Structures are given as C-alpha cells and as structure tokens.
Amino acid sequence: MNDMSSSQALGTFPDTSRTRGARVEFDRVSKDYGELTVLHETSLTIEAGEFFALIGPSGSGKSTLLGVLAGFVPPSYGAVKVDGTDIVAVPPYRRNIGMVFQNYALFPHMSVAENIGFPLKMRGCGKGEIAERVKKALAMVRLEALGERRPAQLSGGQQQRVALARAAVYDPRLLLMDEPLGALDKNLREEMQDEIKRFQRAFGATVIYVTHDQQEAAFLADRLAVMRGGMLEQIGTPRQLYEMPGTHFVASFLGEASLLPVAEIVERHGREVTVRTQGGLVLRALAPSRVSERRAVCLRPENIAIGASARERDNHFLGVVEEAVFTTGTLRYRVRLPGTDGALTVRVPSHPGIELLPPGASVDIGWDATMAVTIAEE
Amino acid sequence: MNGAATTPVWRILSAGIALLAVLVLIYLVLPTLVIVPLSFSSDTFLKFPPSGFSTRWYESFAASTDYQLAILNSLKIGVPAALVATVFGVMAALAVVRGAVPFRRTLAALIIAPLILPQIILAIGLFPLMAKVGLIGTYPGIVLAHAVVTMPLVFITVSAALRNYAPTYELAAMTLGANPWRTFRHVTFPMIRPGVIVGFIFALTFSFDELILAMFLTSPTTRTVPRLLWEQLNFQMTPIIAAATVVLLTATIALLCLAAIAGAGARRRMGRPAEGVNG
Amino acid sequence: MLLAAPLTLLALFFLLPLLTVFGQSFAAPDGPLGTYARVAGDSALRYSLIYTFQTAAIVTLAALVLSYPVAFLISRAQGRWLVIGMVLVLVPFWTSAVIRSYAWLVLLQRRGVVNEIMLALGLIDRPLRLANTDLGTHVAMVQIMLPFMILPLLSAMRGIDPSMLRAAAILGANPWRQFVNVYLPLSTPGVGAGCVLVFISTLGFYITPALLGGSSPMIAVAIEQQVSRLLDWPLASALATVLLVLTCALFMLYERLNRRLAGAGEGR
Numbered sequence: 001m002n003d004m005s006s007s008q009a010l011g012t013f014p015d016t017s018r019t020r021g022a023r024v025e026f027d028r029v030s031k032d033y034g035e036l037t038v039l040h041e042t043s044l045t046i047e048a049g050e051f052f053a054l055i056g057p058s059g060s061g062k063s064t065l066l067g068v069l070a071g072f073v074p075p076s077y078g079a080v081k082v083d084g085t086d087i088v089a090v091p092p093y094r095r096n097i098g099m100v101f102q103n104y105a106l107f108p109h110m111s112v113a114e115n116i117g118f119p120l121k122m123r124g125c126g127k128g129e130i131a132e133r134v135k136k137a138l139a140m141v142r143l144e145a146l147g148e149r150r151p152a153q154l155s156g157g158q159q160q161r162v163a164l165a166r167a168a169v170y171d172p173r174l175l176l177m178d179e180p181l182g183a184l185d186k187n188l189r190e191e192m193q194d195e196i197k198r199f200q201r202a203f204g205a206t207v208i209y210v211t212h213d214q215q216e217a218a219f220l221a222d223r224l225a226v227m228r229g230g231m232l233e234q235i236g237t238p239r240q241l242y243e244m245p246g247t248h249f250v251a252s253f254l255g256e257a258s259l260l261p262v263a264e265i266v267e268r269h270g271r272e273v274t275v276r277t278q279g280g281l282v283l284r285a286l287a288p289s290r291v292s293e294r295r296a297v298c299l300r301p302e303n304i305a306i307g308a309s310a311r312e313r314d315n316h317f318l319g320v321v322e323e324a325v326f327t328t329g330t331l332r333y334r335v336r337l338p339g340t341d342g343a344l345t346v347r348v349p350s351h352p353g354i355e356l357l358p359p360g361a362s363v364d365i366g367w368d369a370t371m372a373v374t375i376a377e378e
Numbered sequence: 001m002n003g004a005a006t007t008p009v010w011r012i013l014s015a016g017i018a019l020l021a022v023l024v025l026i027y028l029v030l031p032t033l034v035i036v037p038l039s040f041s042s043d044t045f046l047k048f049p050p051s052g053f054s055t056r057w058y059e060s061f062a063a064s065t066d067y068q069l070a071i072l073n074s075l076k077i078g079v080p081a082a083l084v085a086t087v088f089g090v091m092a093a094l095a096v097v098r099g100a101v102p103f104r105r106t107l108a109a110l111i112i113a114p115l116i117l118p119q120i121i122l123a124i125g126l127f128p129l130m131a132k133v134g135l136i137g138t139y140p141g142i143v144l145a146h147a148v149v150t151m152p153l154v155f156i157t158v159s160a161a162l163r164n165y166a167p168t169y170e171l172a173a174m175t176l177g178a179n180p181w182r183t184f185r186h187v188t189f190p191m192i193r194p195g196v197i198v199g200f201i202f203a204l205t206f207s208f209d210e211l212i213l214a215m216f217l218t219s220p221t222t223r224t225v226p227r228l229l230w231e232q233l234n235f236q237m238t239p240i241i242a243a244a245t246v247v248l249l250t251a252t253i254a255l256l257c258l259a260a261i262a263g264a265g266a267r268r269r270m271g272r273p274a275e276g277v278n279g
Numbered sequence: 001m002l003l004a005a006p007l008t009l010l011a012l013f014f015l016l017p018l019l020t021v022f023g024q025s026f027a028a029p030d031g032p033l034g035t036y037a038r039v040a041g042d043s044a045l046r047y048s049l050i051y052t053f054q055t056a057a058i059v060t061l062a063a064l065v066l067s068y069p070v071a072f073l074i075s076r077a078q079g080r081w082l083v084i085g086m087v088l089v090l091v092p093f094w095t096s097a098v099i100r101s102y103a104w105l106v107l108l109q110r111r112g113v114v115n116e117i118m119l120a121l122g123l124i125d126r127p128l129r130l131a132n133t134d135l136g137t138h139v140a141m142v143q144i145m146l147p148f149m150i151l152p153l154l155s156a157m158r159g160i161d162p163s164m165l166r167a168a169a170i171l172g173a174n175p176w177r178q179f180v181n182v183y184l185p186l187s188t189p190g191v192g193a194g195c196v197l198v199f200i201s202t203l204g205f206y207i208t209p210a211l212l213g214g215s216s217p218m219i220a221v222a223i224e225q226q227v228s229r230l231l232d233w234p235l236a237s238a239l240a241t242v243l244l245v246l247t248c249a250l251f252m253l254y255e256r257l258n259r260r261l262a263g264a265g266e267g268r
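Protein chains in written order, with UniProt numbering: chain A, 1 to 378; chain B, 1 to 279; chain C, 1 to 268.
These are computed hints drawn from the structure, not numbers from a lab.
Accuracy of the hints is not assured; some may be wrong.
To be verified - One-sided and incomplete, this derived list gives chain A residues near chain B with beta-carbon spacing under 7 Å:
#, residue
1, Phe72
2, Val90
3, Pro92
4, Ile97
5, Phe101
6, Phe107
7, Pro119
8, Met122
9, Arg271
10, Ala324
11, Thr327
Claimed, not checked - Calculated from the model, a selection of chain B residues having no Cβ within reach of chain C, i.e. all distances over 10 Å:
#, residue
12, Thr65
13, Tyr139
14, Thr245
The structure displayed is predicted, hence computed values, not measured ones.
The beta-carbon is built from N, C-alpha and C at its ideal position, and this holds for glycine as well.
Okay, chain A solo, but in the shape it has when bound (with noise of 0.2 Å):
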C-alpha cells in the first residue's frame, strides 16, 4: 500500500525510487559482418537492479552483446530497449550508460579527479558541483587522497576503483563492466569483486558483468548466461546453472563434470528417470525437461562418494582407480567403471587421517539419484 502512495506522489512517472536500475531487453538481437554472424537471434530480458554475468569463451559473442547496448557495435537486426525504449538509434555519448572497461580505459592526460569529473563536464555540470560530486566518488572508492594523481602513478586496484568511480560518478541507471578485473592478479580480483558486490549493494543500478572467470560470474551474479558460438546456451541463477546444466558444454563450462553416455531410459518415475549407459550400467538420475534427445549424465566430481559411504547410495558400482593426485585440500581421483570407456572424475575433501588410494586398487563408489542430472550430449 506504501508503494501505491509514493506512486501516486510522483504523478504519472513509475516509482523507480526503490529500484534504481533499468530494465534492459533484448529483442531478436543479432549482428553479422558479411558471411560472418557473430551474433545469432537473442533475445533477453535483465530486470532493473539485477546483477547479471555473461560468460562464455572468447569469440563467443559476449562482448558484441555488451557493444550492441553500449552502442559501440550496430545491431544488424533487432531492437534493444532500456525501460521500453529502443535505444538502437542513440549514439553512445546519449545513451546514459556507464562502463568500466576491461584495461579501465582511464585518460593518461587527465588527473584522477579530471577522470571522474570528466562525464559531468560533458553533462554541462559547474565547477563547484563537480568537485563535489567528484570527492563524494572519490570518499566512496576510497582514494579521497589521490585525485592529483596520474591515473599511471597508481597501482591496478586504485585504476579499477577510479573507473568504477567515474562510470558511477553521473548516477547511471545501468552500469556495464566488460571484464573489468582482468588485468589484476589473483589475491587482488578476489579483493575487487567483494567490493563490486558491496558497491552494486549500495548504488543499486542494474549491472550487466562481462567475464570469462565461471567463479567470479557465480559470486557476483544474481543471474548469468553462458554463450557460445554467438548464441546464449542457458540463463539462469548460478546454482541452477551449476546444478542443473542443461547441456554438456555448460556443465564443463562451469567447473569439472563427468558425462555418462545413455542408451535407452529404462523408467520415468517423476522427475526422476532410469537409464542404461552405453556401458551398460543401469541408474537413477533427475530428469529436468523432457528426455527425447541424445542424453548423458552427468556428475560434479564432490559429488560422487567414494569407500564404505557409497554403499548406502542410490546408484552404487564397483569400479578401478586409473589415477590419483593431492590437489590443495581434496583428493582427486579418475574411478573407471566396468564396462565404460571413461572414467568419473571423484574430488574428497582430504586430511590427515585419509589415505590416497594407489592405481589399481578397487573401490566402491556411488552417488544419490538427485546429484545426478540428464543433459544434452552434443
């Protein structure tokens, strides 16, 4: 009811006040040069405020996507709307878009205060009004001692901190960062992204995140999309998509997954199907949409349990270690199953009271039904 008065305060105009982002659509975009498309038919929908990745492999069309609503790249087809309006038509410098860009694109002419001021010059700001705004960013990234500085007299982190001030500083309603940690080393992106996270929290704008890193896109994300090849694969919330891919690339795409080739499906009981491998073994898995096409199954290696705990499992088999390795914290292991040409990944935490099996040796392994998930095999 408080949202119907405030509403209504504000005349004809939606309340935008609670979610300050915009909402960004995609419609039958695609974009091709010559012979060549780079971008099949897409269509998305980001809703306002959402955080949403797109990963995928270079060459797979992620960056054309973000170069079409960013208006670097014409569409060859289709429109691309920000709260209903087609946008296509607007050149860039109209468009109202922040970006961060993947090497922070930071003007070596110009101090770092120059930089964040620079997008309220060209919006016609004054003077005054700039400095201000200018050093409310620069307290927000915490640099507030550095805005004399040359944007090459700082290290990485402080460049990634001056271009989220500066893409932020003019308040868009739609913020797009094109892999903007890329150039930082590990420890640091780790760093960055919680106070990405903490920033989007705070500034509430509807961010649009480049990455070809599955975790970093799994942390931030609120939703992502893996593309490949100039189409989007699957959407979806990152455990959905880790959980439940819907296909063999995503399933590898993000993290390790090891694929049981099926044969016939024995049983539908559900949501629940069993099968026969082409092994020949016969298992229970979950069955997300309808299983007419080629399939596997597929299974994350913490997955699958490995010694006496895997005889109480829903499927259960004996199989061969092929090979085994102490990564940081977990064992690894390649498991062969009687009768398969593959072997399963299997991952344990380990420590010290765990012995790391030798080559050779039998074991038993399973794995529940509901861990286990049907995909499409290309």
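Knowing the structure of chain A, use the given hints to seat chains B and C on it.
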C-alpha cells in the same frame, strides 16, 4: 653480440663493426660541418684554410635585402603550408586509422605518395596548371604545393600517435557522454598532441628546405631561401653562402630540438617511457 | 566526411598534375608516341636513363653496406648513447640537401678542402679533379641518402627481441650463425624498405647531381634542362612519365615491404 661470454675472435670482430659504424657516422656528420669554419673566413672567396677570422660574411648576410626577403618569404610560405598540411593530415589520419573506410591501405599509400615521388615530376605537372589559373609566382600557389608534399609527414606522425593507444579511450569518452567533437577535443587531441606538433614542425622544416617546387612556382618576389641559395651557388662562391647555410642549419637544428622537446614532454606527462624521436 | 578535404587537396594538386604530365607527354606534333620515340632515339637521353639506374643501384648498395653496422650499433644503444646516435642520424636527415650538397662542393672543388689538405700533406703535387666526377658525386649522394637507409633498418632492428639471439646462442649458434640465421632474416623487412626508399629517392635525385655533376645528367636533371633551357615540355613530360612509372612500381613494392615491417613489429 649480446653481452654474453664470447671468444676473443668475436670480440675483435664486434669491435671492428663498432669502429666501422663510428667511421660512417663521422662521414655522415662531418662534411656538412666544414661550412662552419669557412663562414668565419676573412677572405673574399672560399679558401681553405681561411687566412683569418672575421664575422664580415655574417654582417653582409644580415645586411642583404635579398636574404631578408627570402627568409620572410620562407616564413610566409612555410607556416601556412605547414598549417594546412597539419589540419588536413590530422583529418586524413583520423579517417584512415580510426574510421571505417574501405581500401584503408591504398588510401594511406596515396596520401604518402607525394612525399615519395620525385618533386621534379610534380613541379612540371603543377607549372602549366598553375600558369593557367594565374598562381605562378603567388604565395597561394607554392603554399598549396608545399601543403600537398608535407601533408604525408603529419599523416605519418599522427597515424603513429593514434596507433599508439587503443580506441577504447574514445569509446570510454562516448559512454561518459562526450559527442564526437568533444571526444576529439578532450580525449583524442590531447593524446595525439605530440604527434601533431612534431608533424607540424617536420612540415615546416621540409617547406624551409624545399628547392625544386620553389624553383618552378615562385618568382623573384616570392623566392624562398633555398631558391636564393641555389641561384647564388650557380653564380658565385663567396663565403656569404657559407654564412647563410650556417644560419639555416642552426634554425633547422633549433626546430628539431623543439620537436624532440614536444615529444619527450608529452610522453613524460603521460607517464609513458621515451621512444625514438621518429617513433 | 573527414577524408573529403585532404582528398580534394590531393586530387587537385597531386593527381591532376600527374595526369597533366602524362597528357603532355603525348602532345608531340609528330604523333602521340613521337616524344617517346625521340627519347628512345636520343643516345644521350638513353644513356642518361641507364646512368640514373646505375647510380641508383650503386648508391643503394653502398648506403646499405655502410648503414647496417650503424643501425645495428644504435639499435643496441641505451640511454644517452641512444639519444646521441639518433641525433647524429636525424639532424642530417632534416638538413637541407642544398646545404649538404654545397658542403660537398666546398670539399671537392679544385681548390677545395680535400685538395688543399692533401697538397699541404704532400700527398699530391697538383689538385685532383674530384667534383664533376662520378666518384665524387656518388660519395656525396651516398652520404645524403644514409639516413633514409638507417632509419628503416633501425625500425626493423629495434623490433627484434634480444631474447631471439639468446635463444639462438643457447641452442648452439656462434655469433656468426646467430647473425646469419636469426638476426639478418629478422631485419630483412627493414633492409627491403630502406633499399627501395633510397633507390626511389636516388632515381629522382636533382640537387646533388645538378651541383656536383658527373659523366651524364641524372633523369631529374635532364627533365629540368629540357624544360628550362630547351623549353621542350613534351619531352620533359615523357621523361617524367618514365620516372613516374618506375617510381610508382617501386613505391608499391615499398608499401608491401613496409606492411611486412609493421606486421613483424606487432609481434613484439
């Protein structure tokens, strides 16, 4: 060869190569400097060694109305020609490097061609054309001719400056709200400014030194310094020419120092490492 | 559009004059190819063309041999030495060819600096004829062309990763093999670009040969003589057309080599 341990044979050989290189550098620089002592000669004709020291030839150079007029003409021609070359050269470089133009490489080759082709060809082609429209012996005629042959110098230096950084800066400026003109004024131009200044100075230097087009397209009233020197060389050999060339040489070196300072200063401000002057 | 203004300038004051030269060369009273027939029939002009080519070849080769060590030395220099090296190349590069040729005249004439010094040292009894000889002119032309060879070589050599030579050394190549099998091939784009640039410039050389002379006029000198002394514009235009065609062909070669040079540089 690379500072690592080597046997004596290779050390001697590389010392020999270094010595040869030094000798070539002497051959490159020293002959021109022979003019300097001769310009301070007290003799009335070029004689080596000079029999005495005097500045009389510099005095007669300074007093010569011919030289005064020629220097003035060289400035009146060089500065506007270099300005036209700079504006057009920057436009051409922006279009070819940043724009989406077809036949990019062919266009670049066409723009550079006037610098490479022998000037005598252009001179005998321009002469009848300019005669037809009454431009022979006028300032606009020679200014336009020099602008065409010096535009490549600006084009080359500005193209190099543009290729030195990714177009991301311009894209960033656009997302931040700068229209194409303001993007150029606040981002592109400050980034390429050293290239523009160096290109302008190169164009000016080239115009100051150019002889063949000046020979065909100027008249005694618009005669430039190289043309005057050339005419005097073919008639007399007094040390006044030596004095004049030393003055010219000094002016050239001063201009190049300016170009070097412009380049280095800008690089320092950008916090980028120094590169070769021609970079 | 941005290109409109520069292209208009080029069309009016570059392409149109070249077309004029081309057109003029066919404007002979004795039929369209008359002037070319006269060029072919005139033994002095024929020799001038051959002589120009010979000179360009000699100057290019000499400049290459002399420039390679200089470019190598400068490409390895650091800090102050690098600056000194670049200054020693760039100042002559930007010094008027009129001035530099004049200096050679002062050095080489009958009572010039070289003769006076040799007489004073007792090396010769009578002044030698140095100006107006092929040797004297070639020595001067090579000196004037050196920067045009050194700069492209330098640009190629500075693009060569020093670790290439270290790799060759660790793989067992002695300095000579390092040079022949690694360094020289990597520097060839610069060699090609420099040679074409010097060859083109020498083909159209006017100032130095006009001032110092030689056994025959170079083409550019011949063109100028036809126009200013004989007022034979068609013949001058025919000679210029020949020079233009040759230069254009070589310029295209230069562009191709330069593109390779740029391509090699991007791998840094």
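Status of the hints after comparison with the structure:
Interface restraint check: phenylalanine 72 of chain A against chain B, minimum CB-CB distance 6 Å, threshold 7 Å, status holds. The interface hint given for valine 90 of chain A is broken, as the beta carbon of that residue sits about 11 Å from the closest beta carbon of chain B, more than 7 Å. Using the Cβ-Cβ criterion of 7 Å, the hint placing proline 92 of chain A at the interface with chain B is satisfied: the shortest such distance is roughly 4 Å. For the restraint placing isoleucine 97 of chain A at the interface with chain B, the shortest Cβ-Cβ distance is roughly 6 Å, inside the 7 Å limit, so the hint holds.
Residue-level restraint check for phenylalanine 101 of chain A holds (minimum Cβ-Cβ distance to chain B is 5 Å; threshold 7 Å). Given the 7 Å rule on beta carbons, the hint for phenylalanine 107 of chain A holds: about 6 Å separates it from the nearest Cβ of chain B. The restraint placing proline 119 of chain A at the interface with chain B holds, with a minimum CB-CB distance near 4 Å, inside the 7 Å limit. A distance limit of 7 Å between C-beta atoms decides the matter here; for methionine 122 of chain A the minimum to chain B is near 4 Å, and the interface restraint holds.
For arginine 271 of chain A, the shortest C-beta to C-beta distance to chain B is roughly 45 Å, which exceeds 7 Å, and the interface hint is violated. A distance limit of 7 Å between C-beta atoms decides the matter here; for alanine 324 of chain A the minimum to chain B is near 45 Å, and the interface restraint is violated. Violation of the interface hint for threonine 327 of chain A is found here, the shortest Cβ-Cβ separation to chain B being roughly 37 Å, above the 7 Å cut-off. Under the 10 Å C-beta cut-off, the non-interface status given to threonine 65 of chain B relative to chain C holds; the minimum distance is some 21 Å.
With a least CB separation of 15 Å from chain C, tyrosine 139 of chain B remains clear of the 10 Å interface cut-off, as annotated. For threonine 245 of chain B, the non-interface assignment is contradicted: its Cβ lies about 5 Å from the closest Cβ of chain C, within the 10 Å cut-off.
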